[in-house]
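*Asks:* Given next are the chains, with one letter for each unit.
There are 2 protein chains.
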Amino acid sequence: MDIFIEPIGKLVNEFSKLPGVGKKTAQRYAYKIIDMSDEEVREFVEAVTGVKRRVRYCEICGNFSEEKTCGICKSRESDAICVVKEPKDVAAIEKLHEFKGVYHVLHGVIDPMAGVGPNDIRVKELLARLQKGNVKEVIVATNPDVSGDATAMYIAKLIKPLDITVTRLAHGIPVGSEIEYTDDVTLTRAFVERNKI
Amino acid sequence: MDIFIEPIGKLVNEFSKLPGVGKKTAQRYAYKIIDMSDEEVREFVEAVTGVKRRVRYCEICGNFSEEKTCGICKSRESDAICVVKEPKDVAAIEKLHEFKGVYHVLHGVIDPMAGVGPNDIRVKELLARLQKGNVKEVIVATNPDVSGDATAMYIAKLIKPLDITVTRLAHGIPVGSEIEYTDDVTLTRAFVERNKI
Chain B
1 MDIFIEPIGK LVNEFSKLPG VGKKTAQRYA YKIIDMSDEE VREFVEAVTG VKRRVRYCEI
61 CGNFSEEKTC GICKSRESDA ICVVKEPKDV AAIEKLHEFK GVYHVLHGVI DPMAGVGPND
121 IRVKELLARL QKGNVKEVIV ATNPDVSGDA TAMYIAKLIK PLDITVTRLA HGIPVGSEIE
181 YTDDVTLTRA FVERNKI
Chain E
1 MDIFIEPIGK LVNEFSKLPG VGKKTAQRYA YKIIDMSDEE VREFVEAVTG VKRRVRYCEI
61 CGNFSEEKTC GICKSRESDA ICVVKEPKDV AAIEKLHEFK GVYHVLHGVI DPMAGVGPND
121 IRVKELLARL QKGNVKEVIV ATNPDVSGDA TAMYIAKLIK PLDITVTRLA HGIPVGSEIE
181 YTDDVTLTRA FVERNKI
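Residue numbers (my numbering), protein chains in the order written: chain B, 1 to 197; chain E, 1 to 197.
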């Protein structure tokens, strides 16, 4: 006999599909759902389906949006575009309230091993935006890994003829950490990108 | 401006209601839902509503059940009843494949501080089952805390006149742990309940 009756087993299975959720955690979530009132479950389900129904991508930058154009593209005039891999990277940067420009979401990075080439990500859409002329700086904020670096290099090369400054986020020792415990690659990058004080 | 557009913020908020889920984790779950296909989301939602629609409690033991009587009550004849606080405790014990008897879920424990008395939990239902006569042992498996212990004592006293053996799960040092790191209460119980070897 199964430990769970079918509807509970099914829900445990569904929750297990969420990132980082094992059987035990999925079980706790399932029990919580059972304990919820009908109204609470209705709200939960409505939020899940609502996201699927209402979230689309901004026609300009590719970020999450409810309308054709996202709130950032609609409200900001800027000569700086920050290029990121995924919409969630926009949220991570917006949280800082540091960057006041606009974004361009690639929806992926160049990764030949996975069969992802420049035409599979939103590179030509970026070029089209740049050709309109008023952009002065492109900040490439792809992840500091092989495919993120390759994508940054590719974009930099592509943009060069347009006379636009291309920058990349600095690599180095995380603030608050210790040199002793910084991994070799990061420490090497920190040396290479060392600054005058 | 909010970092999230409304439907995403709403879903993050709903996921935050699950036990042990903070904003960061809720965000990861929300992104996962956005990445799911329509079909996957449909299955997820169906599992959530299905649990609410199809899970009720067994009329006999109070465990989760799809029908009037749960699979355990339907398939087992036993002279031993294991009394637990919640349906999820049944799942935890069933996983062991050790106990072959039936269960009785109290749906709570006596907790005067929280205003929960013996009439607020399924004690009289237990008595009704015992009065039918073929039960020889009641194993009280409530949690080893103040209200769990109080509930066990209360049930033991109530059952005494019926000439049924009442037992309680053993307390002691967890297998594989060390005496040095065992908390004082547990270590004391291990002394009190020491066994001849």
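Simulated from the structure, these hints should not be mistaken for laboratory data.
Don't take each hint at face value.
No distinction is drawn between identical chains; accordingly, a pair holds when it is met within one copy or between any pair of copies.
[As the list claims (entries may be wrong)] Below, simulated DSSO-like cross-link-like pairs (lysine-lysine); rule was C-alpha separation at most 27 Å, straight line:
no. : residue 1 : residue 2
1   : K52       : K23
2   : K52       : K160
3   : K52       : K32
4   : K132      : K100
5   : K85       : K24
6   : K136      : K124
*Asks:* Checking K132 and K100: alpha-carbon separation at most 27 Å within a copy, between copies, both or neither?
*Replies:* This pair counts as within: shortest intra-copy Cα distance 20 Å, inter-copy 75 Å.
*Asks:* From the Cα coordinates, with 27 Å as the cut-off, is the pair K52 and K32 best called within, between, both, or neither?
*Replies:* For K52 and K32, both the intra-copy (23 Å) and inter-copy (11 Å) Cα distances are at most 27 Å.
*Asks:* At most 27 Å between alpha carbons: which applies to K52 and K23, within, between, both or neither?
*Replies:* both (25 Å within a copy, 20 Å between copies)
*Asks:* Which holds for K136 with K124 at a C-alpha limit of 27 Å: within a copy, between copies, both or neither?
*Replies:* Within one copy, since 18 Å is at most 27 Å while 78 Å is not.
*Asks:* First find the shortest C-alpha distance between K52 and K160 inside one copy, then the shortest across copies, and answer within, between, both or neither for a cut-off of 27 Å.
*Replies:* neither (39 Å within a copy, 58 Å between copies)
*Asks:* If the cut is 27 Å between Cα atoms, do K85 and K24 qualify within a copy, between copies, both or neither?
*Replies:* between (32 Å within a copy, 19 Å between copies)
In summary, the structure is inconsistent with hint 2 from the numbered list given earlier, while agreeing with all the others.
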